[in-house]
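Using UniProt numbering, you'd call the opening residue of the sequence shown number 1 and step up by one each time.
Just so you know, the hints here were simulated from the structure itself, not pulled from any lab data. Remember, predicted model here, so these are calculated numbers, not experimental data. Just so you know, nobody snuck in bad clues.
The calculated lysine to any residue pairs, modelled on SDA-like cross-linking and capped at a C-alpha distance of 25 Å, are:
1. LYS179 x ALA11
2. LYS77 x ASP16
3. LYS63 x ASP155
4. LYS151 x PRO114
5. LYS179 x GLY73
6. LYS63 x LEU32
7. LYS77 x ARG65
8. LYS77 x GLU61
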Amino acid sequence: MSSSLDAAALAALFLDARSHNGWTDEPVSDALLRQLYDLVRMGPTSANCAPARFVFVRTPEGKARLAPALSKGNLDKTMAAPVTVVVAWDTAFYEQLPRLFPHADAKSWFTGSPAAAHETALRNASLQAGYLILAARALGLDAGPMSGFDKAQVDAAFLKGTTWTTNLLVNLGHGDASKLFGRLPRLDFEEACQFV
Numbered sequence: 001m002s003s004s005l006d007a008a009a010l011a012a013l014f015l016d017a018r019s020h021n022g023w024t025d026e027p028v029s030d031a032l033l034r035q036l037y038d039l040v041r042m043g044p045t046s047a048n049c050a051p052a053r054f055v056f057v058r059t060p061e062g063k064a065r066l067a068p069a070l071s072k073g074n075l076d077k078t079m080a081a082p083v084t085v086v087v088a089w090d091t092a093f094y095e096q097l098p099r100l101f102p103h104a105d106a107k108s109w110f111t112g113s114p115a116a117a118h119e120t121a122l123r124n125a126s127l128q129a130g131y132l133i134l135a136a137r138a139l140g141l142d143a144g145p146m147s148g149f150d151k152a153q154v155d156a157a158f159l160k161g162t163t164w165t166t167n168l169l170v171n172l173g174h175g176d177a178s179k180l181f182g183r184l185p186r187l188d189f190e191e192a193c194q195f196v
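Work out the full structure, taking the sequences as your base and the hints as a guide.
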């Protein structure tokens, strides 16, 4: 990449973008969710391990299964969101490495070390969650990432019988700007960064 994005793109991705708590009733199509994933999957992960897995909860039945796992503060906004993404990670992500990283026997790096597998999967799936938020914004959607849920309940409701486990939830749709909180402060460079 040889040039930076223009000011409008930077504003859409970072400077004007907000974490939304309220949603319009404008739907999000399955085709747009597929386009979203096609962008997310192109983001880099270590050894191309791509451990994140995504469950797009978009039906009334799916929302009803999700509701009991949500904290009180996240319930209404999640029920109103057109889509809630269960961002999970595959505890057996390394099974895909012979295909995803054919340059070396990367699978063996993790099969003998559950701790290394866990750390790698959680780190890279979290990175992919960030890509999901930016890709959503790039496609004209708003996002609202969340903790504040019972992980075991979400796993039982959506991931039972798989090797996937929940990391976080992200509401997607078209945000209702009237329900935004004021912009919260951020740390200054000197507070968060060092030159060495």
